[in-house]
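Visitor: So the chains spell out like this:
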Amino acid sequence: MALKLKPLQFLARSSYRQRRLRDVAGMLPIIGILLLQVPLLWPRAEGQSLTTSAMIYVFGVWILLIALALYLSKAIRNDAPELGEGQEDVD
Amino acid sequence: MAKRVLVIEDEPNITEAISFILSRDGWTVHTHSDGETANERIKATPPDLIILDVMLPGKSGFDILRDLRAEEGTSELPVLMLTARGQARDRELAEKLGVTQFMTKPFSNAEVLESVRALARD
Amino acid sequence: MLTYNVLIAVALLYVVFLFGIAFFAEKRARAGRSGWVSSPWIYTLSLSIYCTAWTFYGAVGYAARSGLEYLTVYLGPTIVMLGWWWIVRKLVRIGRSQRITSIADLISSRFGKSTSLGVIVTLIAVVAATPYLALQLQSVTLSFAVFAEAGGTHWTQADLSRAALWVAIGLVVFTIVFGTRNLDANERHHGVVIAIAVEAVVKLCALIAVGVFVVWGVAGGLGETLQMIDASAISKWEQPAGRWVGLTFLAGAAFLCLPRMFQVLVVENVNENHLSTASWAFPLYVMLMSLFVVPIAVVGLNLMPSGSNPDLFVLTLPLAEGWNVLAIFSFLGGFSSATSMVIVATIALATMVSNHIVVPLWLSSRGAGAVVAGDIRLVVLLSRRISIAAVVLGGYIYFRLSGGGAALAAIGLISFVGVVQVLPSLVGGLYWRGATRWGAIAGLVVGFSVWAWCLFLPSFGQGAIIPVSVFENGPYGINWLRPEALFGIEKIDPLLHALLWSMLLNAVAFFVGSVVTFPAPIERLQGAQFVNVFEHSTGARAWTQSAAEAEDLLIMSQRILGPTEAQQIFAREAARQGKAGYLPDVTPDFIQTLERNLAGSVGAATAHAMIGQFTQGSSISVEDLIAVADEAVQIMEYSNRLEAKSAEQERTARQLRDANEKLTALSIQKDAFLSQISHELRTPMTSIRSFSEILRDGDADPATVERYSGIIHDEALRLTRLLDDLLDLSVLENGQVTLNIQEGSLKTLLDRAISATEASGRRLSIRRIVANENHLLNTDLDRLTQVFINLISNAEKYCDAEAPELKITLRRIGGRHVVDFIDNGSGIGKASQRVIFEKFSRLSDHRKAGGAGLGLAICREIMARLGGEIVYLPGQGGAAFRVTLP
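Residue numbers (this note's numbering), protein chains in the order written: chain A, 22 to 112; chain B, 114 to 235; chain C, 1429 to 2314.
These aren't lab readings, by the way, just hints derived from the structure by calculation.
Predicted model, so just to flag it, every value in this text is computed and none were measured.
Every residue gets a Cβ at the ideal spot worked out from N, C-alpha and C, and that includes glycine.
Treat the hints with care, as some may be off.
To be verified - The following label-pair restraints were derived from C-beta to C-beta distances:
(1) B:S188 - C:T2166: 52 to 62 angstroms
(2) C:A2003 - A:Y37: 34 to 44 angstroms
(3) C:F1452 - A:L55: 40 to 50 angstroms
(4) A:A96 - C:E1577: 50 to 60 angstroms
(5) C:G2009 - B:R202: 30 to 40 angstroms
(6) C:G2009 - B:E205: 54 to 64 angstroms
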């Protein structure tokens, strides 16, 4: 039953990582939307003050998202052309 | 009645020189400097002889000659062609088109006068 | 009173400072040192115009009334920027590849460059933005009033209006000075951008300073502040879930659709990579903006006397505590928020009004000839300036009419709901190829109507515009059309109600309209361009065989883009096709590039119409376009490499063809050259010989003798000149010439050339428009003067105008100095333009002017030796030569 596994060929590991990082970048707003709706689901008891907790939670999520975006912007190599063809700036 | 010569030439100095020589010899000289209207001019008042330059504005002397020969009234009109482009090819072309005589610039006055006299006598 | 006077002085100083740095930035940009303005940080800061006075002052008031809900206004844009990979990146790419000037232009361009869509989006934007502009004026005047109050004077309504008027005038001046400097809306407004960036820093620092003061100075620390919040009226966070979600969506959508945001996000973007920085830096900015809002609100509610306006806590709290300097700083923050928003919003709206309403109207009123008849640049600039004044004036009038009351406070979100009506068409247009023009029109009209009926008109108050009875029973008793209870669904929050219905009906109308109508070919093409912008970045190929003449197109383009830029575009295209000079073949590709460049100045629809006037000869059939559309889809599937390769092949083939033609022409030319030399030499010799024979005969009268000797003399000179020229040319052509390099100013060279040509008696008047004649040259001055002399005496000889005039201008193009010699005669025909630099190419109808036709050939050789260039410049009216200085 034991199959002899060939060693996997190394296939452009860094570009694979780039693609996955882009997936994370794409998911980031969706994660953000979901996390920011969470306080709406918190149980509410009479007389309990939620504002400070919600504030701390929302700002915490906010900072987390910013940090993630900062990491992604450094990690992803943007291959966008500097200027599209045919409309280079006139000097 | 004095015979009439039409000089078709766009260089005013050359026109003047030819006019002077021929007038002195008793010819009535008319001049015309534009290639494009030359054929009409000839048709309107046919001269006895034409002195024709090659490089003319609007229409070349060769074309004027070709049209002259194609026209009934002027197909026999004597034409003395003067050109500054003295290549053999030009002479051949002129002869093929039916020139009466071909002469290169610069010419001697006596030569021109002789040719005109000879041609107009026919 | 002291505080108030100081405040006025500080505000004026601040305005002077803003004008100053804007001027400074423009100056640096013009000197070519604009690198630092194009950094991602400046880009991020310019996005902060999202935070207007409404958010600066109003957020605190909002928090005092509804707790944390104010956060949604910032969370929406945060999510949009975090998700830049989805929408913003595509928008920016399209914006650049299609040279989009505004959101109206984007929608119009996507749906077949439709004029009507441009008008609709412009109208929506203006209607939605005018109250918002009024709100900014109100906030600035109220903040003035606060200080006046503190100084002991109570401001009346008249005082407020007067202050608002002055602020409005100041804003119009600033915007016109720095916002309409360049016609091309696609170009950056450096002065404006830098002023906004500074204001962004000021408002952030101001709000944080007040926050720090409140938390640590008044409340006594972080813990105490949190306790205070827990003890306050807003501690119970009874957030309606619908509003939280709805407002987050609304703010995010508005971030994309607001004309001013589109302006900074897309139009002013210079580099797509800046988005990557802004994706975290902008969320950070708005996070900091909102950090201290709740503490300020709570402390204000605690300390300030009840009934005081929470919208102004940011000012009144420091004032009440005696921190006048902080209060003034905070005032500057609010002032910055208001002014930067008004400036950018006005530029964006004015571009839209001008490009989509004024210019098309002007063009159609002038008929088909207008494009070539006048200088369109001036018209466009003027219309943009007038639009700016009109937009701000509209805001002021709204402010006056609404009485500056509380009605304005709610207008921020109401205005948001208005502008997001563009969202379905925008997103649909970006991702769905089936979206059509009629669908977009239907969606926009329906959404806008629902917004107006359910939210905008009711916002003036029940009974103000819509009678109370309509609110209760619906129009004409139609119950399900009640403004705040459409289809009988009641008791929803009015804002949410309007948002929900307008978005829903808008999207449905857009979808149904798109599905049932058939798109025009150009819509399908543009659709493919937009939806697949990342796969292929070529514009819609709408012009097939064109009857347009390159020179006509050049004339038109010069009027719109200005001569320098237009000539560069034409020269670049000619070079790309492997041709010299300024007149490329008019290929569909070129027309397309040109159209896009024009679109950057006057908008896609107008540019399309202008080009259309020249290409009418070739009307395009539907079948043609569909074929091209299918082809475009196929091209997309091929790799770019293949495309590049075939272009390369075509270019090579063209070059080969050209080379072959040149060779054939050369061998013919060699014969022709010899026979030309023969002719040119023999002609004067003929005169000389003939007249000297006449003189020798000796029978002429003395007057004739004298005359004829004169002719002989002149012709001998002519012969000498000709031989000199020939010798000169052969030396130059064989490269045996030794250059005598010296330094001298352009002014002396021109002076020398002009006086050298004066001898023959001047009939030509020369106008020198040389900005910097002292420009120093380091070259063979005698040779260069020879070229100038040749050009001037050519104008003298050949200019056939009634009052001949020669214009000599020096300008800088692409880092090199060029001198243009332009006369007012009838110019040189297109066929002759190609040959004038050839030897003996003297145009036949000018024979009597003398000269052998070697002058320009010599000029060309000289300029080549000196490392410069001389070319014929078509489309200038008269004959025009451009000398590129070495």
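Visitor: Run every hint past the structure and note whether it holds.
Guide: Comparing the hints with the structure gives:
no.: 1; hint: B:S188 - C:T2166: 52 to 62 angstroms; in the structure: holds (60 angstroms)
no.: 2; hint: C:A2003 - A:Y37: 34 to 44 angstroms; in the structure: holds (42 angstroms)
no.: 3; hint: C:F1452 - A:L55: 40 to 50 angstroms; in the structure: holds (46 angstroms)
no.: 4; hint: A:A96 - C:E1577: 50 to 60 angstroms; in the structure: holds (53 angstroms)
no.: 5; hint: C:G2009 - B:R202: 30 to 40 angstroms; in the structure: holds (33 angstroms)
no.: 6; hint: C:G2009 - B:E205: 54 to 64 angstroms; in the structure: violated (39 angstroms)
Hint violations for this structure: number 6 only, all remaining hints satisfied.
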